[in-house]
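*Asks:* Below, each chain spelled out in residue letters.
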Amino acid sequence: MKPPSLLCALLLGSVAACTPAAAKVFFRVDPAPMPAAEKTGIRDLVLTWPLLDSSVIAQLRFKGYRLWLQCESKDLADAVAAADRAAVAGVIITNVASSGQTPVMEEIQSYTAAHNNLAFRLLISGGKQPQMKGRLVVERDGVLQVSSPSTQPWLDTNLAIVRLAQAIYPGSLPILYDFHWNTAGGPPGAWKPDAEDYALAIAEADAARSDVIIGFPAALQRALNTGDSQAWSLWKKVVPYLDFSPRAQMVKAQPVAGVGVIVDETQASYEPVNLMARHNLAFEAIRPSGLTPTRLGTWNSVIVFCSLNSETAAMVRDFAAKGGIVIFVNSHDEFPWHSTAPVRRESHSTTYTIGSGQIVELGEPVIDPENFARDIRRLLGRERTTIALWNSLTTLVTGYREQDRHETTLYLVNYANQPDNVQVQVKGRFLRVRLESPGEPCCVSLPFVARNGFTEFTIPSLRIAVRVHLESGEEGSATK
Amino acid sequence: MRWANLALAGPSLAAVLLSASVCAAQSDTFVHQKRYTMGTVFEIVIYDDDLPMANAAAQAALDEVVRLDSVMSNYKPESELNLLNRTAHFHSVRVSHELYDVIEQSLYYSQISDGQFDISVGPVVDLWKVALAGGSLPTNDEQAAALRCVGYQKIEMVPPDQIEFHSDCMRLDLGAIGKGYAVDRVAELLKTRGIHRAYIDAGGSTIYALGAPRGANAWSVRLRDPSGKAAPQIMLRNDSVSTSEQSAPSLLPGDSPGHIIVQDTGKPLKTRYVVSVSALTATTSDALSTTLLLLGPTKGAALTKTLQNVSAIWISSDGQRIVAGDSADFQLAGKKLPTSLSPESDATIETSKARKDTNQ
Chain Y
1 MKPPSLLCAL LLGSVAACTP AAAKVFFRVD PAPMPAAEKT GIRDLVLTWP LLDSSVIAQL
61 RFKGYRLWLQ CESKDLADAV AAADRAAVAG VIITNVASSG QTPVMEEIQS YTAAHNNLAF
121 RLLISGGKQP QMKGRLVVER DGVLQVSSPS TQPWLDTNLA IVRLAQAIYP GSLPILYDFH
181 WNTAGGPPGA WKPDAEDYAL AIAEADAARS DVIIGFPAAL QRALNTGDSQ AWSLWKKVVP
241 YLDFSPRAQM VKAQPVAGVG VIVDETQASY EPVNLMARHN LAFEAIRPSG LTPTRLGTWN
301 SVIVFCSLNS ETAAMVRDFA AKGGIVIFVN SHDEFPWHST APVRRESHST TYTIGSGQIV
361 ELGEPVIDPE NFARDIRRLL GRERTTIALW NSLTTLVTGY REQDRHETTL YLVNYANQPD
421 NVQVQVKGRF LRVRLESPGE PCCVSLPFVA RNGFTEFTIP SLRIAVRVHL ESGEEGSATK
Chain V
481 MRWANLALAG PSLAAVLLSA SVCAAQSDTF VHQKRYTMGT VFEIVIYDDD LPMANAAAQA
541 ALDEVVRLDS VMSNYKPESE LNLLNRTAHF HSVRVSHELY DVIEQSLYYS QISDGQFDIS
601 VGPVVDLWKV ALAGGSLPTN DEQAAALRCV GYQKIEMVPP DQIEFHSDCM RLDLGAIGKG
661 YAVDRVAELL KTRGIHRAYI DAGGSTIYAL GAPRGANAWS VRLRDPSGKA APQIMLRNDS
721 VSTSEQSAPS LLPGDSPGHI IVQDTGKPLK TRYVVSVSAL TATTSDALST TLLLLGPTKG
781 AALTKTLQNV SAIWISSDGQ RIVAGDSADF QLAGKKLPTS LSPESDATIE TSKARKDTNQ
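Protein sequences, first through last, are from chains Y and V. Numbering of the first sequence is given in the numbering used here, commencing with residue 1 and proceeding in unit increments. Numbering of the second sequence is given in the numbering used here, commencing with residue 481 and proceeding in unit increments.
Looking at chain V on its own, in the form it has when it is part of the complex (with noise of 0.2 Å):
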């Protein structure tokens, strides 16, 4: 993967890449599908000479998020994670495959960033989802309360295929990790029927790209910039991004609300940074998004360079800009940045660059 150069930024963009996109075609065709499900919109865009192939992969494509869906959702009170959660405290609990893949893959997130990313923060999470829809904010006795069944080391997972909680109120929220395992998923069906160049989007938060479109040799994504100055973008090539922000800040009085939790205080993680993260699996890109926003730049940089194929950039509001990993290649408002600057000297460099832009 790399990071590709876009010195226009602005309204133009759209333009730019548009008409780049259209210049570098051939004769190529598509289907595009769309499906609201996991809470958001699953797109599917497939190229392929065969149309009704390519409609029928996209369709079963999006059957397979549903079905998974039905696994991994905390929203409905049938889904099989649903059912774990009611009944893991008790005894351990016989699961699918892929409720017990995606569970194992988080406590692997979970150990490398020393516990920043937690499934098991269901509880707290869930106090602030009510805030965030309009409710009123916890008491700081309903935190405490649910911060006391925090805690992924006690997550038995009990090879092959069960799992128990050591927790008498212990609930799992697979939101950080669960649109990147089905972007996976789709990504192997999806190759497993023929299909060669698509495009698997989750909401614009997890983007999987299945080889490239005919005549070029990636896909390009823009990246989610705070500052609007930085224009980031991504060429994607059977490899993922994913980008975490949390929300917006209230204009009321009092505490904000927010979808991101700090593990260790139970309230909304307060940040001015987006980032964005690319790996070779959704499935990591989205664990690491939130794990990387959560660590912030500075540890969030070193934990990137201990992981292979993996690249994480943070943007802020303010016009900084960090960048991190192996095979980062970065080239921002037309200035190429060397790959794994330290976060400090990086911010600076990109710092002057904003107000320079800033000037202009």
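This is chain Y alone, in the form it adopts within the complex (with noise of 0.2 Å):
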């Protein structure tokens, strides 16, 4: 699987990513009439620079939406004159990495100092559309299938892309995904996308607290627009949770992360990370110039894909002394620990043990990302483990720390849109385990019972997404 192209993240290392006080869906539409806003529960509309009739901003403005224009960085200055005149609501910039211009951040940070008026987002790409995948590949008069031993269901997820992306792009300057729509299949006659696949959609990006842009097909839009009542029952179904996501605004919310992911770049370390992000271990993922022992403090394990300077070496090996794990990965470099003997030499990894922690150093890479992930989990254990989920194979968990209020809430997605009851254990004690559903009224308490240190639970049927609030008081929150 090709990785997202963040190399031109290299580019643009001073621009500084953020997460958003909630998830913001964007939906990509023709230069067209749409409905009005307040029917289709829609806020934000992206139309592709140039436009051919610019009068159409107005005229989607009118019907209550908020405009933004999607240019390529080469396009900029045009697109931000236009977006001047229209006064839009701002500018999503694509396609920076092959622009081919190396003063394309200076030109950027130019545009956003002079157009304060303007918000300004960067298009990563390498987005997926989220889906549990199937294995067949089918044409009209024939399947192509390749066997292989009982697999798990394979999810596409953007949890990995963004995490990674919220890393290498350190910055100001907010990043939003976005992907195509694959609408083979599917029975005769329904419309692809259908309303779980929006509603799936809608509620990762609400996980992965990112910005996403949806695109919105033609034949919906005219359908919508002309009051088709099967278009408008299938988007009946998804404003529940466009409502959803924007109720679960977080001012200073923190990744619960145990597991700490260094990287410079995404080409070694993507496919590990997207399948870290398929088994539910709880990550962050951050440059070596961003590490500080402070940082190191709210984690638990360290795996390291790039080379780190004497000073960040120093750093992971104080962690792992004070307990900490740490993984290098395909790791050839001299480290001080190196002059002590190690407790276990392998065909393919040696094992330090410095202090009350080890570090494990991998001397190839990732060959298979699906058995690393294994290996992770296994080597975390279950007292370093800090979400975990039972039963449930389809379904991804992310979870987020509102400092201030002493409540940590789970996200949870089921890809598979089936009703599944999920069994989930979260490291630390809590007060009140409470659930919320789009189109419901929130909350309703759940029972749970505290083990060992944890908290666990269970999430009745399941089907595509639901947030838990985990209320800690005074006594502590979800620990790594």
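Careful, some of the hints might be misleading.
Now the in silico label distances, taken between C-beta atoms and shown as ranges [said to hold, decoys possible]:
1) V:Asn620 x Y:Trp390: 23 to 33 Å
2) V:Ser576 x Y:Gly453: 40 to 50 Å
3) Y:Ile367 x V:Asn620: 29 to 39 Å
4) V:Asp529 x Y:Ser233: 23 to 33 Å
5) Y:Ala321 x V:Asp621: 30 to 40 Å
6) Y:Pro460 x V:Arg566: 14 to 24 Å
7) Y:Arg344 x V:Asn697: 50 to 60 Å
The set of hints was computed from the structure by calculation and includes no laboratory data. Think of the CB as a built atom: it goes at the ideal place given N, C-alpha and C, for glycine as much as any other residue.
Reconstruct the complex from the two isolated chains, following the hints.
*Replies:* Here it is as structure tokens:
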């Protein structure tokens, strides 16, 4: 699988990412009429620059929408000028990496500084339609398939590219992603994408706390605008999910993560990190330059995909000495702890005991990311696992801690679109566990048990998305 | 059934298959449905002119798999299997026709494999599944305690519909046969609904082909090849193929966990082979793929020769290929091989061929 093209990130090293207070869902539409925003539940529309007829901006604004222009970085000057004239909300910049302009970053910064009236966002590439994938490629008259041992469901998820992009784009310009719909298959005569596809895409962005652009098919746009009853029947199922996302406003949210992933590019780390996400290993990604003892102190394990200088290597060593687990991937550097004898040396790995922790050096890149993710979970063990799901191979979970409110919120997304009773185990003790569902008033109390430093509960019939609010009072919160 | 030649390998293969299938096309239409059940994704493709009927049939077929999962699941506490596991130590338990049938068939494969295939290995499998999911490796004491519970001879079938365990800790796990059984039930259901061209896939490990695509004689399926050199393919028509492979080894220090357990030792099987088995029913191919992986190519080929309408291929990570069976007709990497070779001679031939491929 191709990693997201975050090469541009190196150009944008000084542009910082920020995690929005809540995920914002943009819809990319044709420059054509739309029904009123109050009916669609949509707030933000994206139009692709250049526009043949810019009067559509005024028409759509009149219908209650906030408009954005999406342009390639090479067209930024013209797009910004047009955005100024039309008084749109902002500009979304794409194709930064392939623009070939070395001063792209400076140019973007100059525009963001000179146009305080406009918001700017960077569109990262590599997004995928969130879905539980099958294995078959079906054509009109045949099926392409390779037999295999039994496999767990493959989930296409954007969590990894979001986490990596947030690490690699360390600045103040928000990022967002998009994807192409796969419209093949489905029952004859049915809309594709269907309501559940939209709902899952919205829910995933919510769980990643990342903005997303969702493609709005022209046929659906026309059908809604002409009052087609089937189209409206579909869209009314989506609206509760659009309403659900902005309800999760968190001002000072920190991801609940027991694992820190240190990266300086994405080629080597994307697939392992992708599989870590799919195995619900709660992680944060960070560049080596952002590493501090304080930041390290929020994790119980660190996975290093890049070279470290002597200063960061010393930090990592100290982290291990205090009981942390450190895993170096494809490591061939010399480190101070090599002066001591390893406790184990095997064909693929060398293990050092440092203080009360350990450092494992893998001598090769990750060949089998699935296996790697399982290894990491096994290495962490139960005690270091921050969040775990049981008997639910199609559900992903993310967690965020609201510092000032003593509350941790879990976002659970089921990619199978089938009701599933999901058993959840969270490290930490909580006073209350409340369930929030799309289309329902907040919230329903869930029964839970506290056991051995963990809190356990079951989410009944999770079909696409829920949030779970864990209130810790003054006792503590989800811990590393 | 027959094994087909595929002279090309690597990235170009998919394109070749794609273009071939399209060229052979008439004007058929299809429905494709998938559902998460039995811990994997079941997929059904039906080619039919009556798409609403085909759609309803696929829906009903997947509903049937979900129902069978509620019978055979060892993950769902309320499944019929788990009820049996909780109570059959005390007295014989009346079970559904399906559960009785699949357990009875399981015992047949235990007998012909001298106990290598054994659905009573559940307690040991559970220990290693915990490790596979990230838990700690089981201790020797834990393994010994679990092994004490194992033994298919302690399962008593009381016709017509009761089962009793003669062990106080026995627990059955149908993971090596249940998906195949479900695939067969789905094929039957589709036939009764008038479907003649369908492809049923249980997560890639067991596949059954009903009829053939219009304009073709059979459905072609590439088989798992850890060496990347053999590019084996099988043509399916009213028969099945299943593939078994041990979990990938851990990169971390210590023993690697695995989901296929050697009954004698209680430890994960260590093998460099992947095995694919074709048979007339998915139950047979599913059960035998695990069995033949456990037996290895020498004993496995000997067993295969005693079975009708069964063929098997073992492929190792270094390119060795061993073929066995009644109706096998292999052509691998452009070279047709005689069927039912002894494992040793076959392996030798294929190893040298693999080396040649590498040098090229």
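*Asks:* Next step is simple, just say for each hint if it's right about the structure.
*Replies:* Quick rundown of the hints versus the structure:
1. V:Asn620 x Y:Trp390: 23 to 33 Å: holds (26 Å)
2. V:Ser576 x Y:Gly453: 40 to 50 Å: holds (42 Å)
3. Y:Ile367 x V:Asn620: 29 to 39 Å: Because 30 Å falls inside the window, the suggested range holds.
4. V:Asp529 x Y:Ser233: 23 to 33 Å: holds (28 Å)
5. Y:Ala321 x V:Asp621: 30 to 40 Å: holds (33 Å)
6. Y:Pro460 x V:Arg566: 14 to 24 Å: holds (23 Å)
7. Y:Arg344 x V:Asn697: 50 to 60 Å: Since the Cβ atoms of arginine 344 (chain Y) and asparagine 697 (chain V) sit about 55 Å apart, the hinted range of 50 to 60 Å holds.
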